[in-house]
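Participant: Working from the sequences, and respecting the hints, build out all of it.
Each protein sequence line maps, in turn, to chains D and W.
Mapping of the first sequence onto my numbering: position 514 corresponds to residue 514, and the numbering continues sequentially without gaps.
Mapping of the second sequence onto my numbering: position 118 corresponds to residue 118, and the numbering continues sequentially without gaps.
I should point out that these hints are in silico values taken from the structure, not numbers from a laboratory.
All C-beta atoms in this analysis are idealised placements derived from N, C-alpha and C, irrespective of residue type, glycine included.
The reader is advised that the hints may include incorrect statements.
[What the hints assert, rightly or not] Derived PhoX-like pairs: lysine-lysine, alpha-carbon spacing no greater than 20 Å straight-line:
id, chain 1, residue 1, chain 2, residue 2
1, D, Lys-192, D, Lys-169
2, D, Lys-561, D, Lys-527
3, D, Lys-121, W, Lys-46
4, D, Lys-125, W, Lys-48
5, D, Lys-245, D, Lys-262
6, D, Lys-508, D, Lys-459
7, W, Lys-223, W, Lys-183
8, W, Lys-48, D, Lys-121
9, W, Lys-60, W, Lys-41
[To be verified] Simulated coverage check for chain W against chain D, where a stretch passes if three residues somewhere in it have a Cβ under 8 Å from a Cβ of chain D:
id, region
10, 47–57
11, 175–183
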Amino acid sequence: MAHRSKIYFLSGCLFLLCSACRPDMQFDFPLILTGEVTDIDSGGVTFHAMITDLSKSGISEYGFAWGLEPIPDINSSHVIYGKINSTGEISSQVVSDLAPDAIYNVRAFAKNEAYITYGQKRSFKSLGSHPPVITGFSPAAIARGDSVRIFGNYFSTSNDNNFVKLAGKRCEVIRSEINSITVNAPSNVSGKLKIYVDVAGRTAISENFLDIYGPFINYFFPNRARGGDQIEITGGNFSDQGTVKAWIGHIEAEAIFVSPAKIRVIIPPVIAHDTTTLRIMTSDIITEAPYEIAIYSPWSWIAKIQIAPIYAAVGFSLGNKLYFGFGNGDVGDNFNEMFEFEPSSSSRRTITDFPGKYRTSASSFVIGNNAYICQGWNYRYGVAIDTWSLSIEGTWTQKANFPINVTRGSGFAIDGNGYVYSNSSMYKYSPDQNSWSRIESAPAFGYYDVAFGCSYQGKGYLVVYDYVAAYSKYGIWEYEPGNDNWRSLALSPDSARTYPVAFIIDDKIHVGMGWYVQNNTLTRSQKEFYEYSISTNQWRRITDFPTSENTNPVAMNIGRKGYVVATFSPLTGTIWEFNPD
Amino acid sequence: MKTILSFASLFFIFPTPSFSQLIDNKVNISIGLSSADLYGKEVIVKDKFIYPALFPNYTKAGGFSIKSIYKLGPLFSLGGIVDNRIIRNWQSSQYDDFRGSRSGIFALSLTFRIHNRYNNLGVWNRLKVFGEAGPVIGISRLKFESPSLQISNRSNLISTLLSISERLFGIKAGTGIEYNLNKYCGFYFDFSFHYYEIGSELYLDNYIAFSQVSYGVVIRLLKDKRFYYIK
Numbered sequence: 001m002a003h004r005s006k007i008y009f010l011s012g013c014l015f016l017l018c019s020a021c022r023p024d025m026q027f028d029f030p031l032i033l034t035g036e037v038t039d040i041d042s043g044g045v046t047f048h049a050m051i052t053d054l055s056k057s058g059i060s061e062y063g064f065a066w067g068l069e070p071i072p073d074i075n076s077s078h079v080i081y082g083k084i085n086s087t088g089e090i091s092s093q094v095v096s097d098l099a100p101d102a103i104y105n106v107r108a109f110a111k112n113e114a115y116i117t118y119g120q121k122r123s124f125k126s127l128g129s130h131p132p133v134i135t136g137f138s139p140a141a142i143a144r145g146d147s148v149r150i151f152g153n154y155f156s157t158s159n160d161n162n163f164v165k166l167a168g169k170r171c172e173v174i175r176s177e178i179n180s181i182t183v184n185a186p187s188n189v190s191g192k193l194k195i196y197v198d199v200a201g202r203t204a205i206s207e208n209f210l211d212i213y214g215p216f217i218n219y220f221f222p223n224r225a226r227g228g229d230q231i232e233i234t235g236g237n238f239s240d241q242g243t244v245k246a247w248i249g250h251i252e253a254e255a256i257f258v259s260p261a262k263i264r265v266i267i268p269p270v271i272a273h274d275t276t277t278l279r280i281m282t283s284d285i286i287t288e289a290p291y292e293i294a295i296y297s298p299w300s301w302i303a304k305i306q307i308a309p310i311y312a313a314v315g316f317s318l319g320n321k322l323y324f325g326f327g328n329g330d331v332g333d334n335f336n337e338m339f340e341f342e343p344s345s346s347s348r349r350t351i352t353d354f355p356g357k358y359r360t361s362a363s364s365f366v367i368g369n370n371a372y373i374c375q376g377w378n379y380r381y382g383v384a385i386d387t388w389s390l391s392i393e394g395t396w397t398q399k400a401n402f403p404i405n406v407t408r409g410s411g412f413a414i415d416g417n418g419y420v421y422s423n424s425s426m427y428k429y430s431p432d433q434n435s436w437s438r439i440e441s442a443p444a445f446g447y448y449d450v451a452f453g454c455s456y457q458g459k460g461y462l463v464v465y466d467y468v469a470a471y472s473k474y475g476i477w478e479y480e481p482g483n484d485n486w487r488s489l490a491l492s493p494d495s496a497r498t499y500p501v502a503f504i505i506d507d508k509i510h511v512g513m514g515w516y517v518q519n520n521t522l523t524r525s526q527k528e529f530y531e532y533s534i535s536t537n538q539w540r541r542i543t544d545f546p547t548s549e550n551t552n553p554v555a556m557n558i559g560r561k562g563y564v565v566a567t568f569s570p571l572t573g574t575i576w577e578f579n580p581d
Numbered sequence: 001m002k003t004i005l006s007f008a009s010l011f012f013i014f015p016t017p018s019f020s021q022l023i024d025n026k027v028n029i030s031i032g033l034s035s036a037d038l039y040g041k042e043v044i045v046k047d048k049f050i051y052p053a054l055f056p057n058y059t060k061a062g063g064f065s066i067k068s069i070y071k072l073g074p075l076f077s078l079g080g081i082v083d084n085r086i087i088r089n090w091q092s093s094q095y096d097d098f099r100g101s102r103s104g105i106f107a108l109s110l111t112f113r114i115h116n117r118y119n120n121l122g123v124w125n126r127l128k129v130f131g132e133a134g135p136v137i138g139i140s141r142l143k144f145e146s147p148s149l150q151i152s153n154r155s156n157l158i159s160t161l162l163s164i165s166e167r168l169f170g171i172k173a174g175t176g177i178e179y180n181l182n183k184y185c186g187f188y189f190d191f192s193f194h195y196y197e198i199g200s201e202l203y204l205d206n207y208i209a210f211s212q213v214s215y216g217v218v219i220r221l222l223k224d225k226r227f228y229y230i231k
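Facilitator: This is the structure in structure tokens:
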């Protein structure tokens with residue numbers, strides 16, 4: 001019995017030993033495992049993998065594929081290596097085609113004659129890589145639609161990840177390697193064009209120009225401009241047949257003149273600061289200027305001062321300081337303060353000692369070192385006819401009352417005398433005699449109100465607008481005291497607006513903002529600005545004001561700079577400067 | 001805890017109190033259940049190559065074992081053990097590579113056991129404390145829930161590799177007790193530590209280490225026919 005148990009036991013052990021054997025495995029396909037990504041820094045990353053089986057036929061190629069897509073493959077960005085004869089760890093340092101702060105996925109791969117095997121996906125957050133570099137291209141001149149090979153480094157190995165552009169148009173990428181890209185030029189671009197290659201969000205620009213036969217730009221002038229300025233573009237093969245278009249960056253610009261060698265365009269008013277491309281299209285062919293155009297905004301924010309919200313305020317400049325205030329307070333009562341601000345030093349002061357009646361919708365003009373404030377409406381006393389002067393030293397002095405009970409006027413000064421137009425009549429103030437006299441020749445503007453008054457070279461100018469319905473465009477009237485002559489100047493090309501603000505710089509009257517009126521209702525505040533040239537009697541639209549918020553602004557100028565002060569929320573107390581240069 | 005409760009339940013299943021003398025036997029067949037805890041780091045690092053480990057990240061392992069022990073002498077026995085375990089619930093805080101996979105480990109071991117001498121009377125007439133160790137060979141079979149690698153041929157048809165088997169060998173050592181309820185049966189409880197070497201193309205683990213608790217019944221065969229009577 002004991003003998004039999006030994007036999008059973010040994011038989012069992014033999015069975016167990018035999019069953020533990022497994023067949024030797026040799027796969028038809030290679031096997032590769034993707035390791036964690038290491039050495040992540042702004043210069044790239046290192047990919048790792050482990051080849052665990054070469055397959056029966058060996059590995060012909062292996063590498064790594066990566067991209068932002070969930071499952072990158074051989075069509076994604078990749079590095080590829082040739083034959084390998086042994087299993088074990090492989091790694092690859094990748095120094096291009098990685099955008100910073102982007103989450104990438106990577107898979108190792110190995111190929112033989114019949115199969116490609118991808119390892120598991122690993123994700124990593126890139127810190128960046130080397131930007132692409134263009135060292136040259138060939139050929140130097142091509143016909144539209146022809147292919148060109150671009151040489152350099154740090155390109156993507158994926159056709160989809162190399163963004164090659166000519167004159168803003170994307171080229172078809174035919175072949176991508178880390179140090180060269182072959183593309184087909186778009187069939188609708190021409191000229192002497194720089195080549196742009198964008199890889200992982202960073203752009204390389206060729207030093208030399210690729211010459212594509214067709215329309216071309218040699219230069220343009222000026223190369224620094226602002227909204228409303230004209231740019232003259234000089235080149236060749238332009239055509240005035242068909243549509244002519246121009247773009248400053250991505251903003252379409254109006255072309256106002258086309259000849260075979262010249263095109264003139266106007267800078268759109270919506271562009272603020274930018275240095276960007278200038279492109280034109282004639283005969284459906286786009287070409288690009290050989291250098292960028294610098295667009296600047298004349299508007300800049302300079303200060304925000306602490307004031308209570310008011311509207312229908314009065315504003316003027318005296319010496320190097322801005323003054324604004326009075327008007328209605330937020331609760332409907334007159335506001336009794338005036339604010340003083342000096343842009344050059346940002347010093348500010350609140351003036352609380354005005355001895356006259358508080359008022360809204362007052363008029364003002366400046367003679368020498370004195371500002372004069374007259375007219376207006378006082379909630380307690382009605383029309384305020386008391387006139388006051390404010391000296392540059394800050395002293396208030398009462399002057400002769402305004403002759404009639406009117407309000408909402410505008411004033412200007414010529415040759416030491418003040419003029420105030422209001423309610424279809426104009427009065428002249430003589431400081432020497434401290435007296436007012438009526439200008440009989442002043443025309444009635446009908447429903448038009450006066451937004452602004454100023455003087456230039458001995459003539460007065462009034463910006464008038466339709467305050468009832470704003471059906472009509474606004475315009476400018478000119479008054480010449482020497483011969484007591486009035487003249488209506490060019491109407492603004494602008495659509496109707498009411499309550500605009502204005503200021504003058506040299507011979508340019510700048511009018512803008514205000515409200516758009518529809519069906520006798522103020523529908524929205526506006527930020528468009530127009531410039532009227534006294535010398536040429538022409539209007540042009542210029543760079544928009546930075547905001548279309550309702551600001552109930554007042555405007556004034558000091559020398560060659562204009563100022564707009566917001567007196568109502570949400571931007572109460574904000575001061576912008578307009579510098580035409 | 002589950003293991004302890006299961007072990008304790010054996011006392012209720014086999015509550016037979018016995019005061020009679022039991023005779024020793026030559027061959028024991030033990031059949032029982034096992035539960036294991038795997039050891040190792042979550043991630044394998046080889047120079048700069050970092051890859052998730054397979055076996056240490058399984059959180060559940062259990063199976064059954066069959067032992068056949070032949071008593072060579074008063075203090076020594078020799079036997080063979082068949083273990084089959086299922087390992088599952090792969091979890092990692094950083095990776096999904098083996099999530100949903102299961103591994104089966106089928107192992108055979110030759111075990112050399114040292115135990116206390118049989119006593120005619122008292123507790124040592126029924127209780128046997130032993131220590132044992134021995135070599136192990138076996139097979140590990142890994143099954144994936146979803147393809148681990150993507151394998152395509154030139155026609156772009158995708159084939160997948162959903163399972164792989166690997167040979168393993170190693171050692172085990174442990175200690176335990178057997179308690180004989182009567183001349184036919186008893187129960188046992190043992191604790192053992194296992195270390196197997198393994199290698200695969202689909203994972204980088206080169207060993208499996210785990211501790212195991214095993215418990216079950218003992219069938220007592222081939223009695224030792226030497227009788228001793230107490231006067």
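Participant: A separate judgement is required for each hint: does it hold in the structure or not?
Facilitator: Going through the hints against the structure:
The hinted pair formed by D:Lys-192 and D:Lys-169 meets the criterion: a straight-line CA distance of about 14 Å does not exceed 20 Å. At roughly 18 Å between alpha-carbon atoms, D:Lys-561 and D:Lys-527 fall within 20 Å of each other, so this suggested pair holds. Using a Cα cut-off of 20 Å, the hinted pair D:Lys-121 and W:Lys-46 holds, with the two alpha carbons roughly 19 Å apart. The straight-line distance between the Cα atoms of D:Lys-125 and W:Lys-48 is roughly 18 Å, inside the 20 Å bound, and the hint therefore holds.
Pair hint D:Lys-245 plus D:Lys-262 holds up; C-alpha atoms about 13 Å apart against a cutoff of 20 Å. At most 20 Å may separate the alpha-carbon atoms for a hinted pair to count; D:Lys-508 and D:Lys-459 meet this at roughly 13 Å. Annotation: proposed proximity of W:Lys-223 to W:Lys-183 holds, straight-line Cα distance about 8 Å (limit 20 Å). Taking the CA atoms of W:Lys-48 and D:Lys-121, the gap is about 17 Å. The hint holds against a cut of 20 Å.
Under the criterion of a C-alpha separation no larger than 20 Å, the hint pairing W:Lys-60 with W:Lys-41 is consistent with the structure, at around 16 Å. Three residues within the 8 Å Cβ limit are the bar, and the region 47–57 of chain W against chain D gives 5, so the coverage statement holds. For a cut-off of 8 Å, the count of residues in the region 175–183 of chain W with a CB near a CB of chain D stands at 0, and the three-residue condition is violated.
Consistency with the previously given hints fails for number 11 only.
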